[in-house]
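**Student:** Here is how the chains run, residue by residue.
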Amino acid sequence: DAGVIQSPRHEVTEMGQEVTLRCKPISGHNSLFWYRQTMMRGLELLIYFNNNVPIDDSGMPEDRFSAKMPNASFSTLKIQPSEPRDSAVYFCASSNPRGAGREKLFFGSGTQLSVL
Amino acid sequence: GIQVEQSPPDLILQEGANSTLRCNFSDSVNNLQWFHQNPWGQLINLFYIPSGTKQNGRLSATTVATERYSLLYISSSQTTDSGVYFCAVLSYGGATNKLIFGTGTLLAVQP
Chain A
373 DAGVIQSPRH EVTEMGQEVT LRCKPISGHN SLFWYRQTMM RGLELLIYFN NNVPIDDSGM
433 PEDRFSAKMP NASFSTLKIQ PSEPRDSAVY FCASSNPRGA GREKLFFGSG TQLSVL
Chain B
175 GIQVEQSPPD LILQEGANST LRCNFSDSVN NLQWFHQNPW GQLINLFYIP SGTKQNGRLS
235 ATTVATERYS LLYISSSQTT DSGVYFCAVL SYGGATNKLI FGTGTLLAVQ P
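Protein chains in written order, with this note's numbering: chain A, 373 to 488; chain B, 175 to 285.
To give an idea of the interface, some chain A residues facing chain B are shown, with a C-beta separation under 7 Å as derived from the structure:
1. Lys476
2. Phe479
3. Gly482
Pairs of lysine-lysine residues, derived as DSBU-like cross-links and limited to a Cα-Cα distance of at most 35 Å, are as follows:
4. A:Lys450 to A:Lys440
5. B:Lys272 to A:Lys440
6. A:Lys476 to A:Lys450
7. A:Lys476 to B:Lys272
8. A:Lys440 to A:Lys476
9. A:Lys396 to B:Lys228
10. A:Lys476 to A:Lys396
11. A:Lys396 to B:Lys272
12. B:Lys272 to B:Lys228
13. A:Lys396 to A:Lys450
14. A:Lys476 to B:Lys228
15. A:Lys396 to A:Lys440
16. A:Lys450 to B:Lys272
Keep in mind that the hints were calculated from the coordinates and are not lab data.
Predicted model, so just to flag it, every value in this text is computed and none were measured.
Ideal Cβ positions, reconstructed from N, Cα and C, are used throughout, including at glycine.
Make the full structure from the sequences, and use the hints.
**Tutor:** This is the structure we're talking about:
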């Protein structure tokens, strides 16, 4: 398996622009997570999905952030409008709670977002 | 919510040395994982270890759930071991799959 695939790897945008980050989880995994990593706050869970349904979005900073999972193989995290304080590395991760290794989490390579 | 503390915060080793990283958590857990973030930012899952001991090559991990801590052992360290090591836990009764990460241990292995 190719692992969790995220795109783009890097995104540079201007304040006020819409940003869309994409994620393809590992095939067969039914849980998907979006994390944000910054120096100040470390790794924070933004939202996670189980069987394509959002279960907990309490980590989403504010209404400017939204996430969708239209099917088992694709998810997006959208920021609109973007602000400089959104600059961070955004990771997508997936797991299979019913599989061997139970709930072992696998991360994508991340998207480095810079909002100028 | 559950608190996760890692120690030491940073560590410098000479190649070939051994080290022990510690993760303390404030509540009972049913899921504990160790991750390595390499200097390129990739997060690699090392162990899923809610209890007991596991070994993978030069790395091993032990979790003593009753005493609320886990240890990661690195033997004969190599420069490729450099990076940040994270412990992440999920507490009993917590939201399903909501792993909470510690602040990490920054390891630098010098040649």
